[in-house]
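Asker: What follows is the residue order along each chain.
Number of protein chains: 2
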Amino acid sequence: MNKFGLYTKFTTHEGRRDELAGMLLEAAQGMASVEGCDVYAINIPDEDPTGVWVTEVWNDSSAHQASLSLEEAKSLIQKARPLIAGIEQIKLTTLGGKGI
Amino acid sequence: MNKFGLYTKFTTHEGRRDELAGMLLEAAQGMASVEGCDVYAINIPDEDPTGVWVTEVWNDSSAHQASLSLEEAKSLIQKARPLIAGIEQIKLTTLGGKGI
Numbered sequence: 016m017n018k019f020g021l022y023t024k025f026t027t028h029e030g031r032r033d034e035l036a037g038m039l040l041e042a043a044q045g046m047a048s049v050e051g052c053d054v055y056a057i058n059i060p061d062e063d064p065t066g067v068w069v070t071e072v073w074n075d076s077s078a079h080q081a082s083l084s085l086e087e088a089k090s091l092i093q094k095a096r097p098l099i100a101g102i103e104q105i106k107l108t109t110l111g112g113k114g115i
Numbered sequence: 016m017n018k019f020g021l022y023t024k025f026t027t028h029e030g031r032r033d034e035l036a037g038m039l040l041e042a043a044q045g046m047a048s049v050e051g052c053d054v055y056a057i058n059i060p061d062e063d064p065t066g067v068w069v070t071e072v073w074n075d076s077s078a079h080q081a082s083l084s085l086e087e088a089k090s091l092i093q094k095a096r097p098l099i100a101g102i103e104q105i106k107l108t109t110l111g112g113k114g115i
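Residue numbers (our numbering), protein chains in the order written: chain A, 16 to 115; chain B, 16 to 115.
These are calculated hints, taken from the structure and not from any lab test.
Careful, some of the hints might be misleading.
You can't tell identical chains apart in this list, so a pair holds if it fits in one copy or across any two.
Unchecked claim - Dumping the calculated PhoX-like pairs for lysine-lysine here, alpha-carbon to alpha-carbon at most 20 Å:
no.	residue 1	residue 2
1	Lys94	Lys24
2	Lys89	Lys113
3	Lys24	Lys106
4	Lys24	Lys113
Note that the structure is predicted; figures quoted are calculated from it, not measured.
Use the sequences and the hints to build the structure in full.
Answerer: This is the structure we're talking about:
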């Protein structure tokens, strides 16, 4: 059964990467109770000191879309905005595999 | 506890994407019994008809390294090679989150 996948790369301003990663880890804890969210993992790339990658897998895109209107999501976006210099997203269809 | 993460993008020759995705899904089934492999997910990007992204999370890089010497991995690489036009990898430290 196909799912909705997403890789999001945040590029932070110099020296703010760990701060953003911490905020996103907090957000990941908030996902524990969010319906339809299978994976919300926070990663830092080995070769890019300003990057943070978030791996997401959702049951479908509407579950993902609904999560963006949660109060926690809105307040995270507001808190994190000053740290962020750029955002890139790779939209995926997750076909299957281990751990999802 | 930090883990070893990896995004691998395979670019296939024209028209061979679904064939490669099928091989990788088979490989993902083989990962069920592989120690230290938490996530091995197969994804196709919405905006790139020749791409396949594999999301991996391992306990540590040595668990990942050991998996490459398994017979199944070697035979997959051999079988898949004719389909593949390019490979890019983003090495990650997975800090935590939901589902991993």
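Asker: All hints are to be evaluated individually against the structure, with a verdict given for each.
Answerer: Checked hints:
no.	hint	result
1	Lys94 to Lys24	within (17 Å within a copy, 32 Å between copies)
2	Lys89 to Lys113	between (31 Å within a copy, 19 Å between copies)
3	Lys24 to Lys106	both (12 Å within a copy, 13 Å between copies)
4	Lys24 to Lys113	between (23 Å within a copy, 17 Å between copies)
The structure meets every hint from the earlier list without exception.
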